[in-house]
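2 protein chains.
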Amino acid sequence: MHILITGAAGMIGRKLTERLVREGALNGRPIAALSLLDVVAPSKPPGFAGEVRLLTADLAAEGEAARAIAARPEVIFHLAGVVSAEAELDFDKGYHTNLDGTRALFGAIRHSGDGYRPKLVYTSSMAAYGAPFPPSIPDDFHLTPLTSYGTAKAMGELLLADYTRRGFCDGIGLRLPAICVRPGKPNLAASGFFSSIIREPLAGAEALLPVAETVRHTHASPRAAVGMLIHAAGLPRETLGPRINLAMPSVSCTVGEQIEALRRIAGEPVAARIRRAPDALIERIVAGWPERADAGRARALGFRAEDSFDEIIRIHIEDDLGGSFVA
Amino acid sequence: MHILITGAAGMIGRKLTERLVREGALNGRPIAALSLLDVVAPSKPPGFAGEVRLLTADLAAEGEAARAIAARPEVIFHLAGVVSAEAELDFDKGYHTNLDGTRALFGAIRHSGDGYRPKLVYTSSMAAYGAPFPPSIPDDFHLTPLTSYGTAKAMGELLLADYTRRGFCDGIGLRLPAICVRPGKPNLAASGFFSSIIREPLAGAEALLPVAETVRHTHASPRAAVGMLIHAAGLPRETLGPRINLAMPSVSCTVGEQIEALRRIAGEPVAARIRRAPDALIERIVAGWPERADAGRARALGFRAEDSFDEIIRIHIEDDLGGSFVA
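If you read the protein sequences in the order shown, they are chains H and X. Be aware that the first sequence starts at 1, since it is given in this note's numbering, and climbs by one per residue. Be aware that the second sequence starts at 1, since it is given in this note's numbering, and climbs by one per residue.
Among the clues, some could well be false.
Derived CB-CB ranges, DEER-like [unchecked claim]: (1) H:S112 x X:R166: 33 to 39 angstroms; (2) H:D90 x X:T56: 32 to 38 angstroms; (3) H:G167 x X:R275: 32 to 38 angstroms; (4) H:G63 x X:R297: 42 to 48 angstroms; (5) H:A70 x X:T56: 37 to 43 angstroms; (6) X:R275 x H:A71: 50 to 56 angstroms; (7) X:P138 x H:R22: 41 to 47 angstroms; (8) H:R22 x X:A212: 36 to 42 angstroms; (9) H:G167 x X:L301: 55 to 61 angstroms.
Chain X is nowhere near these chain H residues, computed Cβ spacing over 12 angstroms in every case [as the list claims (entries may be wrong)]: (10) T56; (11) L99; (12) D139; (13) L143; (14) L158; (15) N187; (16) E268; (17) L301; (18) E318.
For the record, the hints were derived by calculation from the structure and aren't laboratory data. All values reported here derive from a predicted model rather than from experimental measurement. Ideal Cβ positions, reconstructed from N, Cα and C, are used throughout, including at glycine.
With the rest of the complex left out, here is chain H (with noise of 0.2 angstroms):
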């Protein structure tokens, strides 16, 4: 088994990495080669015994994505994308790797010539939604992003399902919610923030807050993101039928329920350690974001996230504190 990941050198890409070194498998089949791709170079993971391609890329140069899928691995997780802000700041850069780039790996896949067919799994976003919504989204609700970075997500969505009906790969869209609690450094996500006011704190920092209290958004860890990722490459293609791209099941809590849960599990002084600095822009492009999504068809798949938010901190400091925090 040879696994493609693009974006490898990203939070989730590294997790995921890990989490198939550790498991040394796929589908019950082990895994012999990894390539790990990305616009910065991606390390060695490791403790891995198979073979490593190390592939520092965009996607959308000219033959990138033809080289990165030239030895033709079986699963492609493409994780590549510039995030919310960055997109909605720079348009260009947005859409050159957010539809460009993906556009440029299904292409290539198609013009490989040798009947390969990759299972692709493809990170969508719950940015694919706009707002105004019911209370809960339903699967059949309809994309109209209010992002450039959702519109290009929300385009791939539409490729990928082409390229699977015409059966030039075997695709599964999966739309992500906000991961939470994502470890180490800001980045330039406009939902950074639903991380940082837990992890800062539990860091001894302080946090800003540039939403109201009552701001309700739904979350998933990153452990369980990773697991929706390996569940969905191990899915078989007759699951799914035509429509391939299916909302994942998250946490939805308010703003103010994430500050009480952290409360509860690492006491009051951590939670102290959160700074109201409201901010128009994050304000602006979280409230088109969706405040909870049914997730029916992809519950029903066998897809999981947590079952509170309490849960989501805990795993944080399991999986990315060593089990402990600055009270």
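Put chain X on the given structure of chain H with help from the hints.
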């Protein structure tokens, strides 16, 4: 007022041009200039006193879109496209025209750099939906097309909404039903037979019916479609909100009901000119198309189709046959 029509040599393009010339005004303002663009040479409309620019161009080709908007038309009707069956048979040609051509036009507008922000009326299609459907498709139903044509149309809707949201243009997308009765020669649209089973018998010729009489679809006349385009051009931006792509009203009926209407209006000898000739590709494409759509938002905004298929046949006889047919 300067108007650009892309796909001007097509059936709807020609009928739209005729009506604009006849009325001499759009949105209450006199039409001073018409730019007519198509991949095949458009013809100069008779009886138009204003300036006419005829452009034979592929919008996706380098520089062509910029040239098309060089005179800064205030209203653009973007009708250019490769039809459904052709886009299904020629994957590259379909995406080149329906996606790349559309993106090139939007991109040229964005890059004008002089504050240019035209009204842009985009023709999408009911083929942007994909089965299975509820009995009638609600306005917030997702787009899961089952053709490459529908996929590119849905991607164009997403792009148009993002370009409009960002202020590059003032867009509105119309999800047109099957346009029936199409005059003239059959084209490569999979929906062509919906028209030819009416048109050919009325002209004294035999028509082939490639699908079962139980097949239900949803229609509007060319006259109604042109009316929708013109109505769209006059809608103020603020009446639309962020969801600028709308399912259009239409007449839902089965092929059997179409034939009954033909019998009522033209008599049994005319209806008897339809011959059954099943076609697997057409059957498959049409099976994934919608049977009925609510179009509640469009109706509330003043868009209108016919009330019955009888009316659609009468409009064909009136507009395209000079009021008579071969009994």
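Hint numbers contradicted by this structure: 8, 9, 11, 12, 13 and 14
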